[in-house]
Amino acid sequence: MSSDQGDGSFGGDAFTRMWSQFAAKMMELGLSFAPQATPPEAAREVRSSLLRAWADYCDQFMRSEEFLNMLKQSLAGAIQARQQLNNFLGEMQHNFQGTSRQDADELMASLQRVERRLLDETQRIAARLDELSARLAKVERLSGRPDDLAPRPAPAERIAERPKESRQAKRPSQRSHRKTRNRNRP
Amino acid sequence: MSTAEYSGRPWVRAQKAIVDEVSETLRRMTRLPFLWRHAQRVKKGASPSEVVYEEDQLRLLHYLSDQPRKSQTPLLFVFALVNRPYILDLVPQRSVVSQFVKAGFDVYLIDWGTPTHAHRRLTLDSYINGYLLNVVDYLRERTGSEAVSALGYCMGGTMSAIFTALHPARIKNLILMAAGIEFGTRVGLINLWTDAKYFDADAFVDALGNCPAEFLQTMFLMLKPVDNLIAKPLGLLERLDDERFVHEYFTMETWLNDNVPVPGEVFREFVKHLYQQNLLVKNQLPIGRHVVNLKHITCPVLNLMASNDDLVPCAQSESFNDLVDSSDRKAMKVSAGHIGLAVGSKAHRELWPQVCQWLAERS
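Taken in order, these protein sequences are the chains called R and Y.
Residue numbers for the first sequence follow this note's numbering, so the first one is 1 and each next one is one higher.
Residue numbers for the second sequence follow this note's numbering, so the first one is 187 and each next one is one higher.
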């Protein structure tokens with residue numbers, strides 16, 4: 001069965017094709033029907049063929065322009081209805097001097113922006129500190145003084161030095177701390 | 187009448203067969219009221235584990251084993267955000283996790299948890315350069331290993347590939363399982379349905395926030411509506427007296443109906459940047475302040491695909507090996523569906539022992 005994706009029409013022709021294909025499969029089944037097969041077995045074969053034909057038809061229909069446009073329209077309608085509900089509920093909550101979901105969303109967005117700025121700044125400061133430490137260590141090496149402020153070892157060395165501690169699994173009632181990791185570090 | 191007498195009278199045999207079939211069907215129907223017991227007995231996750239790390243909703247599970255450890259490099263399973271991860275450890279005899287535990291690996295699995303509306307603004311950057319990076323660094327610290335092996339399934343595979351491209355020094359071996367990489371194909375139905383002409387991801391996320399679990403579940407059901415809504419229930423009715431089949435059926439159905447919502451911004455990025463614009467294969471995918479370049483992946487990669495996969499067709503995964511810069515690349519295909527790759531008996535018989543061997547040689 002050829003795909004209907006390109007020609008944009010999936011109307012009566014497709015139904016005709018589907019049923020004629022089904023009839024052809026039934027004929028094929030009839031020709032290969034074994035006389036010793038019992039009616040329940042024959043019924044199962046017929047059912048299998050019918051479901052296979054139906055599945056093929058559904059797959060083709062769901063790739064058609066008609067279905068895709070139908071999907072688009074139904075989603076657009078559902079989204080619009082939801083948006084109107086959101087607006088109505090938000091307005092109602094504001095009228096009662098309450099906090100709407102949009103307010104909470106905006107607050108979360110603001111918090112995330114602040115978090116991002118803080119993390120970026122922390123990363124810049126950490127990079128600057130590393131640079132300064134490296135320069136200081138270089139100066140001290142050149143002057144022959146102890147290397148107290150050598151830059152922090154690379155992660156592989158750090159892991160080897162630190163004792164292995166298994167992190168305790170927190171009880172569900174305890175909030176886990178979000179680690180202040182620089183998320184933008186490559 | 188004896189069988190020999192029946193054989194000479196086809197019409198009598200046919201009638202007997204009908205009567206037998208009807209009585210068998212009625213006998214099976216008597217088991218229907220007791221099906222709820224099977225549903226109640228379903229266990230989520232077969233292998234013993236402990237929670238070793240938590241961050242917000244995320245939990246990191248460590249699988250316990252009496253087997254001597256044969257590999258020092260920990261193996262981290264990264265699952266998708268759309269379902270619960272226990273599909274990888276569904277039943278003891280068909281558990282991917284168990285295969286690796288028995289092979290002597292130190293196995294961990296990320297359970298991303300269930301996001302609430304408060305998490306709607308989490309992005310792929312939050313997950314990849316936040317949660318996943320923290321987990322990997324924790325594993326490196328816990329095990330003393332410089333790098334970990336990662337096995338990503340489905341969307342988790344996409345995320346694992348992105349993570350490896352951004353943090354190549356942290357990943358020793360990368361295994362992808364039915365992972366979507368090339369989204370420009372139109373083989374899969376989801377690629378068609380999410381086309382920018384038909385699906386406005388911005389309006390969807392702006393109105394709904396998180397992508398609802400019910401929406402995802404309906405979408406997955408509609409990939410094969412006849413199989414999922416007719417053939418499967420009929421198959422159950424015909425095998426109601428097979429206790430093992432019924433138990434496995436309910437175990438699978440429990441997982442299939444255990445979808446979780448996807449954070450809104452993650453959904454928006456995944457649909458727009460991957461499904462609609464296909465930026466990953468173009469090495470233009472923005473994650474936070476970085477752009478992902480798959481050429482930065484140089485570790486050994488193993489790309490597992492299922493030839494009958496409707497959710498992530500092979501065409502979406504095949505090109506990965508050509509896009510990375512690894513000298514050690516391998517692809518394996520098994521005749522299974524998307525879920526069959528994890529729980530199919532053929533996959534467990536033929537594929538997973540080979541994967542364990544592949545990883546053991548590189549750990």
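Bear in mind the hints are in silico, worked out from the structure with no lab data behind them.
Keep in mind that this is a model prediction, so the values were computed, not measured.
Fair warning: there could be bad hints in the mix.
Here chain R is said to cover these stretches of chain Y; the calculated rule only asks that three of the stretch's residues, wherever they fall, bring their Cβ under 8 Å from a Cβ of chain R [stated by the list, open to error]:
| hint | stretch |
| --- | --- |
| 1 | 213-225 |
| 2 | 275-285 |
| 3 | 337-346 |
| 4 | 387-395 |
In the BS3-like style, the derived pairs of lysine-lysine whose C-alpha atoms are separated by at most 25 Å in a straight line are [as the list claims (entries may be wrong)]:
| hint | chain 1 | residue 1 | chain 2 | residue 2 |
| --- | --- | --- | --- | --- |
| 5 | R | 72 | Y | 410 |
| 6 | Y | 383 | Y | 458 |
| 7 | Y | 383 | R | 72 |
| 8 | Y | 383 | Y | 410 |
| 9 | Y | 516 | Y | 358 |
| 10 | Y | 256 | Y | 358 |
| 11 | R | 72 | Y | 458 |
Glycine is no exception: its CB is placed at the ideal position from the N, C-alpha and C atoms.
These are the hints, each one checked on the structure:
1. With 0 residues bearing a CB less than 8 Å from a CB of chain R, the stretch 213-225 of chain Y misses the requirement of three and the coverage assertion fails.
2. Against chain R, the stretch 275-285 of chain Y contributes 0 residues with a C-beta closer than 8 Å to a partner C-beta. That does not satisfy the three-residue criterion, and the hint is violated.
3. With 0 residues carrying a beta carbon less than 8 Å from a beta carbon of chain R, the stretch 337-346 of chain Y misses the three-residue requirement, and the given coverage is violated.
4. For the stretch 387-395 of chain Y, the stated coverage by chain R is satisfied: 6 residues place a CB nearer than 8 Å to a CB of that chain, which reaches the threshold of 3.
5. Between residue 72(R) and residue 410(Y) the CA atoms are separated by roughly 20 Å; this keeps the pair inside 25 Å, and the hint holds.
6. Between residue 383(Y) and residue 458(Y) the alpha-carbon distance is near 12 Å, which keeps this suggested pair within the 25 Å criterion.
7. Restraint check for residue 383(Y) and residue 72(R): satisfied, since their Cα atoms lie roughly 8 Å apart, inside the 25 Å limit.
8. The suggested pairing of residue 383(Y) with residue 410(Y) holds, with an alpha-carbon distance near 23 Å, which does not exceed 25 Å.
9. Only pairs whose Cα atoms come within 25 Å are accepted, and residue 516(Y) paired with residue 358(Y) is accepted, the gap being roughly 15 Å.
10. A hinted pair counts as satisfied when its Cα atoms are at most 25 Å apart, and residue 256(Y) with residue 358(Y) qualifies at roughly 16 Å.
11. A C-alpha spacing of about 16 Å is found between residue 72(R) and residue 458(Y), which places the hinted pair at or below 25 Å, so the restraint holds.
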